[in-house]
Structures are given as structure tokens and as C-alpha cells.
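S.K.: Since chain A is already given, all that's left is putting chain B on it; use the hints.
2 protein chains.
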Amino acid sequence: MKILEERIEKDGRILGTNVLKVDSFLNHQVDPDLMMQLGEEFYRRFKDQNITKILTVESSGIAPAVAAGLQFHVPVVFARKHKSLTLKDNLYTSTVYSYTKQTSNEIAISHRFLNDNDRVLVIDDFLANGQAVEGLMDIINQAGATLCGVGIVIEKSFQKGRQLLDERGVHVESLARIKAFEDGKIVFGPDEYEQNH
Amino acid sequence: MKILEERIEKDGRILGTNVLKVDSFLNHQVDPDLMMQLGEEFYRRFKDQNITKILTVESSGIAPAVAAGLQFHVPVVFARKHKSLTLKDNLYTSTVYSYTKQTSNEIAISHRFLNDNDRVLVIDDFLANGQAVEGLMDIINQAGATLCGVGIVIEKSFQKGRQLLDERGVHVESLARIKAFEDGKIVFGPDEYEQNH
Numbered sequence: 001m002k003i004l005e006e007r008i009e010k011d012g013r014i015l016g017t018n019v020l021k022v023d024s025f026l027n028h029q030v031d032p033d034l035m036m037q038l039g040e041e042f043y044r045r046f047k048d049q050n051i052t053k054i055l056t057v058e059s060s061g062i063a064p065a066v067a068a069g070l071q072f073h074v075p076v077v078f079a080r081k082h083k084s085l086t087l088k089d090n091l092y093t094s095t096v097y098s099y100t101k102q103t104s105n106e107i108a109i110s111h112r113f114l115n116d117n118d119r120v121l122v123i124d125d126f127l128a129n130g131q132a133v134e135g136l137m138d139i140i141n142q143a144g145a146t147l148c149g150v151g152i153v154i155e156k157s158f159q160k161g162r163q164l165l166d167e168r169g170v171h172v173e174s175l176a177r178i179k180a181f182e183d184g185k186i187v188f189g190p191d192e193y194e195q196n197h
Numbered sequence: 001m002k003i004l005e006e007r008i009e010k011d012g013r014i015l016g017t018n019v020l021k022v023d024s025f026l027n028h029q030v031d032p033d034l035m036m037q038l039g040e041e042f043y044r045r046f047k048d049q050n051i052t053k054i055l056t057v058e059s060s061g062i063a064p065a066v067a068a069g070l071q072f073h074v075p076v077v078f079a080r081k082h083k084s085l086t087l088k089d090n091l092y093t094s095t096v097y098s099y100t101k102q103t104s105n106e107i108a109i110s111h112r113f114l115n116d117n118d119r120v121l122v123i124d125d126f127l128a129n130g131q132a133v134e135g136l137m138d139i140i141n142q143a144g145a146t147l148c149g150v151g152i153v154i155e156k157s158f159q160k161g162r163q164l165l166d167e168r169g170v171h172v173e174s175l176a177r178i179k180a181f182e183d184g185k186i187v188f189g190p191d192e193y194e195q196n197h
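Protein chains in written order, with full-length UniProt numbering: chain A, 1 to 197; chain B, 1 to 197.
No lab work stands behind these hints, which were simulated from the structure alone.
Same chains, same names: a pair is fine if it fits in one copy or spans any two.
Computed list of lysine-lysine pairs in BS3-like fashion (alpha-carbon distance at most 30 Å, straight line):
id	residue 1	residue 2
1	Lys179	Lys21
2	Lys88	Lys10
3	Lys81	Lys160
4	Lys185	Lys101
5	Lys160	Lys47
6	Lys185	Lys10
In isolation and in its complexed conformation, chain A is listed as follows (with noise of 0.2 Å):
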């Protein structure tokens, strides 16, 4: 998505070998106004699908989940982080391992909110190693709900998110992919969705 990279290479900060920090439009500071064109290119991308329910985690897939819900009019669910849960009556939990922050988390969503007959897609910011997708696959799986799709703001395919869900023939979407960091400099991956649109 053109806007996309042009605005990650403008406001996207490298630190270290892999890290992007998109902090000023994305998950810190959000523009709403980017995210309602994310929101209309998900719609765009997944709008055959008969979608009823869409999934993400707190905090960072808030916006671009609610942006897209604002297109496909259906609830958006967000699952919960907790360091570890006590109780767990009437949740759907599953454990996401963070690589960034060294630590894991339980994700957890209300039964009521997910069941076997949603159609759910799943949005979140970033897809890296795919911890929170897989986690919230679990959970779809529990819920025994139909996973449809993941839509993904900024994919690194450096790592291995993105191959794993390919392996699991999952239908990913992912608005900016980025190959590589060269001498700083940005490298995109081609996205197969222009490309055949």
C-alpha cells in the first residue's frame, strides 16, 4: 500500500538490526486519518469474505481493528494481556511470548464474544515472529469459530511470522512488507495483492 510505505519511510525509525519504531502514526501516537484508509484497504481485501467478528490484542491492533470495523460493520474484539491469569471462568486464554520484551503474556477473551459461528478476521500492527496471530488462533480454535484472515498493518518477513501462517495456509494480508534493512534504508517486499487488483 503506497501511502503506507511512503509514510513508514518518512516517520519510520530503524533502531538496532530489526526494530521499527513507527511510534508517531501508529502505536503511540495514532493518526486516525491513515488509519481509516488501513480500515478501507482491509475492507477492500477481505470484503468477500462474510466476515462477522474481528480479533486483535491490546493495545497496538486497537486502531487499525476499529478502523476496519468501521468498513465491515461488524464488532471488534480485543483480547486482554494479563501477566498471568487466576481466573479463568468463561475466558478463552492462550499464552503469547513476546521476543521484544522478553516476557509472556496471557491473551484472554470473553466466551461471549467469539463463537462457532463467527467468521472472524484477525488485524493487528505488526506481524514479526507471529506469537499474538498464533495466539489468537488458539483461541479461534477454542472458540471453534472460522478463522478467515489476518490483516497486518507492517509485516518484517525477515522473520518467520509470515512464513508460519503461510505454512498453516493462512489468508494473509499485509499492508506494508518489508524485506530488509540495508545501511538503514528501508527495502518493501512486492505485494502480491496490487499486484493482481
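M.R.: Same frame as chain A, now just chain B:
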């Protein structure tokens, strides 16, 4: 705001003496179309204030804040919560006590996203004891920015937050004001804005 009060009556659940659960449309599952209507209402009430930035706290504030941002076309910054911060470089921080969880969190906003030219609208999902808003006001003060108003989705008027903000002369607009829970029923208070417009 009539449609919000009706939604609270329909889907809200009263727990114990003073807890209202609205996790089916506001803070776990989110109704994006309702968020949009809330955003439009916040815009109606604060549009003359030359707002340059919307501030909220993760996670539950993000959806209504981004919806408001879509109307004002200004950036939305959500303060990050931490148990305790060791590294405070380039961050405004404040300590927020949660009566519900009986724990203290530090909230933090990067220096890069708030400065003394900003005219700030604070948005949050609930106003109860006012701790989160006070923490944001502390941060706004540290940045030398101007607080132009506070927009709340649901105010529990019987707790001390509203009075505290009124005493400080803060312009507060709460889209639903709950005066009391009586016999398992919600008693709404007056909406001065709707009475005067």
C-alpha cells in the same frame, strides 16, 4: 446522549454496588459504529476549542479517542501503562492509582508527541474517581500544553471524579451520566449540553 443511554440500559450489567460492565460494546468487544457516533458527538461539543491533539490512556480509551480523532483530524496519543518505569528518558510520566484493581501504574507519553503549543482534548471511556484524567492532566502540565476539555463516554457521577474536575474549572462533557444504581436499575443524570443546545 440518548442512543448511548439506551445502549447502556440494553447491554450494561451492574455488578455489586457501583460497577457497570459495558464490555459488550465499549471496552472488550467494541461497536465501531457506536464509536463513530460518540466521536461525532465529542466533535459537536468541542469543535470550537481549536484542539490540536487528543490524549487518552491505553487500552479502553483508544477506540473512542480514535473515533473522535477522525472528526477533529488531529493526532491521537495514548499514554502507555507500566507497572514501574526504570527508564524515563524523554518521557512525561505520572502515577495513576486504580481503585478497581487496587494497583498503581505509571503512565507515560513521549516528549515527542506533546508540547507547549498543543491544545488538548482528553478522552476516556469512564470517569469514576478521576485518577486517569488527573494523571493525564499532570502530563499535560509537565509539557506546558493547554487542557481544553475532557470528553467522557460514561460518567459515574456518584464517585468523586466529576466533582474534582468541576472544582478545577475543567470543561467536562460526559455523553452518559449515571447518577445512581437503584434496585438494579440505572438512573441517568441530566445532560446540560443537550438541554442547552
